[in-house]
Amino acid sequence: MITDASPAAQPELEPLSETSEEQLLEIAMGPQHPSTHGVFRMNVVLDGEHVVRLKPVFGYLHRNHEKIAESETYLGSMPYTDRLDYMCPITNNWAYALAVEKLAGIQVPERAEYLRVIVGELTRLQNHACLIGFLMQDMGSSGTPLMYAFREREKILDLFESLTGARMMCNYMRFGGCRVDMPAGWLEQAQNVVREFPRFLDEYENLLVSNEILMERTQGVGVLSKELAINAGMSGPMARASGVNYDIRKVDKYSIYERFAFRVPLGAHGDVYDRYMIRFLEMRESLKILNEAMRDIPAGPIVDPKMRIRGFRPKPGEAYGRIESPKGELGFYLISNGSLNPYRYRVRPPSLINLTVLEDLCIGQNVADVVAILGSVDIVLGEVDR
Amino acid sequence: MVGEGILKGLVETARNFFGSYVGKDRLTTVQYPEERLPQIEAARSFPFLVYDGPDWDKGMRCVACQICEKECPPKCILIKKSADKKPDAVGKPQFYPAVFNIDISVCMSCQICVEVCPFDAIKMDVDYDLSTDDRFGDLLLDKERLAKSNEYYNAIHPTEAAAVDAHFAEERAKAEAKAKAATEAKAAAEAKVAPAAQEQPVGGETQ
Amino acid sequence: MTQALDQIFVLTKQWLLGFVPASAQPICSAILSVVPVLIGFPLLFAITTWLERKGLGRLQNRYGPNRTGPYGLFQPIADAIKSLTKEDIVPLTADHTVHFLAPVLLAAASFLGYAVLPIGRNMVLVNMNAGVLYFFAVGSVVELAVFMAGWSSRSKYSLLGAMRAIAQMISYEVPLVLASIVAIMQAGSLSTVAIVDKQAGYTGIWPHWFVFTPWGVVGFALFMIAATAESNRSPFDLPEGESEIIAGYYIEYSGFKFALFFLGEYLGMFATSGMAITLFLGGWSAPFSFLTWIPSYVWFFAKLLALIAGFIWIRGTLPRLRMDQLMSLAWEFILPMALLNMLDAGIWHFMPAGVLRWLVCTAIVAVPCVLLGQGLKRNKKFQVRTYQFAK
Amino acid sequence: MTVTFLILAVITVAGTAAAMGLRNAVHCVLALTVGFAGVAAIYLQLDAQFVGLTQIMVYVGAVAILAVFAIMMTHTPLPAKPPTYSSFWLLGSVVAAAVFAVLAWAICSSAASTQGLPPEPEVSVQQIGDALMHQFVLPLEIMGLLLTAALIGAVVIAMDRREETK
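Chains as they are written, first to last, in my numbering: chain D, 1 to 386; chain B, 1 to 207; chain E, 1 to 391; chain X, 1 to 166.
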């Protein structure tokens, strides 16, 4: 059950302390705060250092993405999707392309599917690596793991740049395929990065996994029960850390994911430690997918030859395309009325839905834990506020 | 034993500390103004207009069709079509943009204008160290500042530019062949029926 | 020659004093002793900020500052200019007097501890009978300055930070003092000079430092943990935990007052490190008997820099503890170990020298340390987990 | 009466007077701390190092912090505009005068002021330690036991409350 911040819900929180209302301290964490991952605010009511109530306030980064998309052409929204979850633009492109392909019934050539899987999993690698770094940063380890993560992310961003022309705002997918093919030597370069990546993961694990301070800080903190995870619509690593076996790559078998042998790690406790360990394990699985995909990639066209770039009008209808983005279920819901612009355009952002349980996770915890819990949810405000 | 994990972490950071002095793979920072990464061919920053030949105004490939203006997602392009026609690089009379402005404070470098242009007239630049102290004037690029030569385009995007040039050469050859055929046909027609020659269309203009 | 080099500062001071009349000599002597400390340690602070930024940079695979001067060496100067020219913002609702006095008191109190630190042979400002006691007494003044800063800013974050800081400093003062008691017991004096003198001898080439005994190494480790907490260094930097309460008690300070806080903090760190050196690492004495020709003050600063490097290394590696964990570490682990360590030092004192003494004393501290650690770990129920995969 | 003593005495008296006169509770505590520090400095000036340093440690380091902690925890709002003088000022000054008279009489009739000062004994920390460990070992141990009991009692009470709140 998600507790709302209405007055009716407060009496059951009262037993935490004997102190009266006046003894409580209300602080606003954010929108200017170093560890809210963007312009996000939490109105936290504290008893001593324990959280009694927490009210997330967002919308500071609202850019009217969905409404703008309704006045753009279908293709015109593609570069805007880059800016939703700016840590992983390519998976955003992918989810949107998938939705439009469903709407218009477009087939994607084999080679393009492989390319999509490769860049998608590379995105997952860099997102998870950075997330763990940010989490440690929030716990005060002066940025060392974050810098190691950035060092590796840089190599992946270099790959993105030489493939798509931009490091972050890739704008790579097109309806029915991808925009450009790999340049010469790109595949070897990517294989190199993937080959080197496990070394970094070992380094990362040495630094973090068995660290006593880290275990003490994260184990048993911010526990999300399996029931709450299901009821609140959690997805991605957040749900899997609570033991919910829900990975859209397995559930929907979208694209060509059924061809690859990869496993889905599940947590048993649903605490912050599980959430970040699940991401470690997922990176290892992503590497397996990448290795297989790079070995098997066929030659061929990269985009459906029937697709025209201008004047694209899908037939009237609706479609919901979703993928397993690094943060969870990223879905685009589109209604077409046969014109150049979508009639309705809606994003299901994983960060926003995963953020809804924040108060449940934080109540009774310490201020320091709030920061760690928020970090483990993995939010990007570009996606939360849209 | 307590402290084992902490010691492991300390060893790891120490390895990185010394590793950053010996190996380039750990210390990946590029000292930017002194060192630069090699230019990536696919890179893109802001759009520019390609012209052929020595004169930027004469050789502009843009024919003011206004497709990019329509397709641009953030609507940062402003084009005003000319009233008259001017011969382009090939010598064909074409419309040309009387005004072509791009507000690069609005442009988001998405490259859609490049993809939709049927005349290969607008391309992406790779110049990234841009800055100005004029917030309004300098960020609004006009036709003159947007114009870059085809040689420049060839230098920054060699593979792509070669394909475009080949395509143009093919087109031009086709046009010339057609023109030749037309003149020959005309000559033949003239030889046959001299009075009818005035009604013949001029070769190459039929496109 | 080496003798002269070792005593060069003492001799210079005496030579300079010869120029002033006898009646003015005490005051001139005091000035001549104090001024070098007032200049030297802030200079060390400047070097340390550079070292820390460079060192942390390398730990994190970065270059660190390298734009100001060769190897970024002028970075502290640039920082100083920046903090001096920045606007000094005082919140409207702040208690202006107290807000102003807090950084001044903090910086002043941080300097007081240096009075009893023997920096070299015959180089101590005051050879006080109760030197160690004095050191801890003036150390407690810092808490008051921290409270003043936190309270006068009228900011909720700074109040939280001040509360954390005071709770932490009080909790760790006890283990800090208890950990240092072993050295005092062994030396039989509270005077820092006497403690260093006690450690000055050599067996073969090895020095008689207290750290080379079972109780000494435990005492040193406990002292360093407590000192890290006392000086608010990572992983005990909760009072300023920048990712949680942003900067804690000095969140509302800017410009030069902020720099004063920084200075005070680093001076506190140097002072406690200096005390650790005095108590356990033989003060200014050389680590091997054949190295005694190097001047004593060089050794003191070498040891100080080594400890600072350790602080930087730890800062670059470890995440921060939480308040309750910090407290439980102090009261459940460090305090019992410190008490046990005192017992151990007593036993060491009364047992005849030999292998047996070593074995017994090592066992007395090592076994409970492991058991206590394991017990706490089991009690807290944290472990490295294994994970299942969905079929 | 040396100049140093005079300065210290002025600081001490001014500090304690300010502690009584100031309206803001925190300012009072800070002023009182100045008084404590002044007293400690007087002790040190009299070469009583142990007492002086203990005064700093206990009063400046602990008592003052305890007081500010108490103020911070209760965080009472500042009184809007308190009256400058209490309405019982007459009664108050009578009581103060009486206390002063009694103290003055006691000091004037004490042995120290009638017979002049005895020669200052040289007391080092070592001697204090020896005295505590030999002559006064039983009182010391009893005190220690009492304080330990108090400490354990405080811990038990605190732990009990935490159990309840859980």
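Warning: the hint list may mix true and false statements.
List time: in silico DSS-like cross-link candidates among lysine-lysine, alpha-carbon distance up to 25 Å [as the list claims (entries may be wrong)]:
| hint | chain 1 | residue 1 | chain 2 | residue 2 |
| --- | --- | --- | --- | --- |
| 1 | D | 226 | E | 381 |
| 2 | B | 92 | B | 24 |
| 3 | B | 70 | D | 155 |
| 4 | E | 54 | B | 24 |
| 5 | D | 155 | E | 54 |
| 6 | B | 58 | B | 186 |
| 7 | E | 391 | D | 250 |
| 8 | B | 180 | B | 92 |
| 9 | B | 58 | D | 306 |
| 10 | B | 75 | D | 67 |
| 11 | B | 8 | E | 391 |
| 12 | E | 391 | D | 226 |
| 13 | B | 174 | D | 67 |
| 14 | E | 381 | B | 8 |
| 15 | E | 380 | B | 8 |
| 16 | E | 380 | D | 226 |
| 17 | D | 55 | E | 156 |
Between beta-carbon pairs, the in silico distance windows are [what the hints assert, rightly or not]:
| hint | chain 1 | residue 1 | chain 2 | residue 2 | range |
| --- | --- | --- | --- | --- | --- |
| 18 | E | 202 | X | 22 | 29 to 39 Å |
| 19 | X | 150 | E | 310 | 32 to 42 Å |
| 20 | E | 69 | B | 142 | 57 to 67 Å |
| 21 | D | 356 | B | 115 | 33 to 43 Å |
| 22 | E | 310 | B | 4 | 14 to 24 Å |
What the hints contain is simulated information worked out from the structure, not anything from laboratory work. Beta carbons are placed, not taken as given, at the ideal position from N, Cα and C, and that holds for glycine.
Hint check:
With a C-alpha separation of about 21 Å, the suggested pairing of residue 226 (chain D) with residue 381 (chain E) holds against the 25 Å cut-off. Restraint check: the Cα-Cα separation between residue 92 (chain B) and residue 24 (chain B) comes to about 55 Å, which exceeds 25 Å; the hinted pair is violated. With a CA separation close to 36 Å, the supplied pair residue 70 (chain B) and residue 155 (chain D) exceeds the 25 Å bound. Distance hint between residue 54 (chain E) and residue 24 (chain B) is fulfilled; the C-alpha atoms sit about 17 Å from each other, no more than 25 Å.
A hinted pair counts as satisfied when its Cα atoms are at most 25 Å apart, and residue 155 (chain D) with residue 54 (chain E) qualifies at roughly 24 Å. With a CA separation close to 30 Å, the supplied pair residue 58 (chain B) and residue 186 (chain B) exceeds the 25 Å bound. In summary, the hint linking residue 391 (chain E) to residue 250 (chain D) is supported, as the alpha carbons are separated by about 11 Å, within the 25 Å threshold. Proximity of residue 180 (chain B) to residue 92 (chain B) is assessed by CA-CA distance (about 15 Å); at most 25 Å being required, the pair is judged to hold.
For the hint linking residue 58 (chain B) to residue 306 (chain D), the alpha-carbon distance of about 36 Å lies beyond 25 Å, and the restraint is violated. Proximity of residue 75 (chain B) to residue 67 (chain D) is assessed by CA-CA distance (about 16 Å); at most 25 Å being required, the pair is judged to hold. At most 25 Å may separate the alpha-carbon atoms for a hinted pair to count; residue 8 (chain B) and residue 391 (chain E) exceed this at roughly 33 Å. The suggested pairing of residue 391 (chain E) with residue 226 (chain D) holds, with an alpha-carbon distance near 18 Å, which does not exceed 25 Å.
Proximity of residue 174 (chain B) to residue 67 (chain D) is assessed by CA-CA distance (about 47 Å); at most 25 Å being required, the pair is judged violated. A threshold of 25 Å between alpha carbons decides the hint, and for residue 381 (chain E) with residue 8 (chain B) the separation of about 20 Å falls inside it, so the pair holds. The straight-line distance between the Cα atoms of residue 380 (chain E) and residue 8 (chain B) is roughly 21 Å, inside the 25 Å bound, and the hint therefore holds. Annotation: proposed proximity of residue 380 (chain E) to residue 226 (chain D) holds, straight-line Cα distance about 23 Å (limit 25 Å).
Using a Cα cut-off of 25 Å, the hinted pair residue 55 (chain D) and residue 156 (chain E) holds, with the two alpha carbons roughly 17 Å apart. Roughly 58 Å separates the CB atoms of residue 202 (chain E) and residue 22 (chain X), a value that falls outside the hinted 29 to 39 Å. A hinted range of 32 to 42 Å holds for the C-beta pair residue 150 (chain X) and residue 310 (chain E), which are about 38 Å apart. For residue 69 (chain E) and residue 142 (chain B), the hinted distance range of 57 to 67 Å is not satisfied, since their beta carbons lie about 43 Å from each other.
Separated by about 38 Å at the C-beta atoms, residue 356 (chain D) and residue 115 (chain B) satisfy the suggested range of 33 to 43 Å. For residue 310 (chain E) paired with residue 4 (chain B), a C-beta distance near 18 Å keeps the hint of 14 to 24 Å intact.
Consistency with the previously given hints fails for numbers 2, 3, 6, 9, 11, 13, 18 and 20, ordered from lowest to highest.
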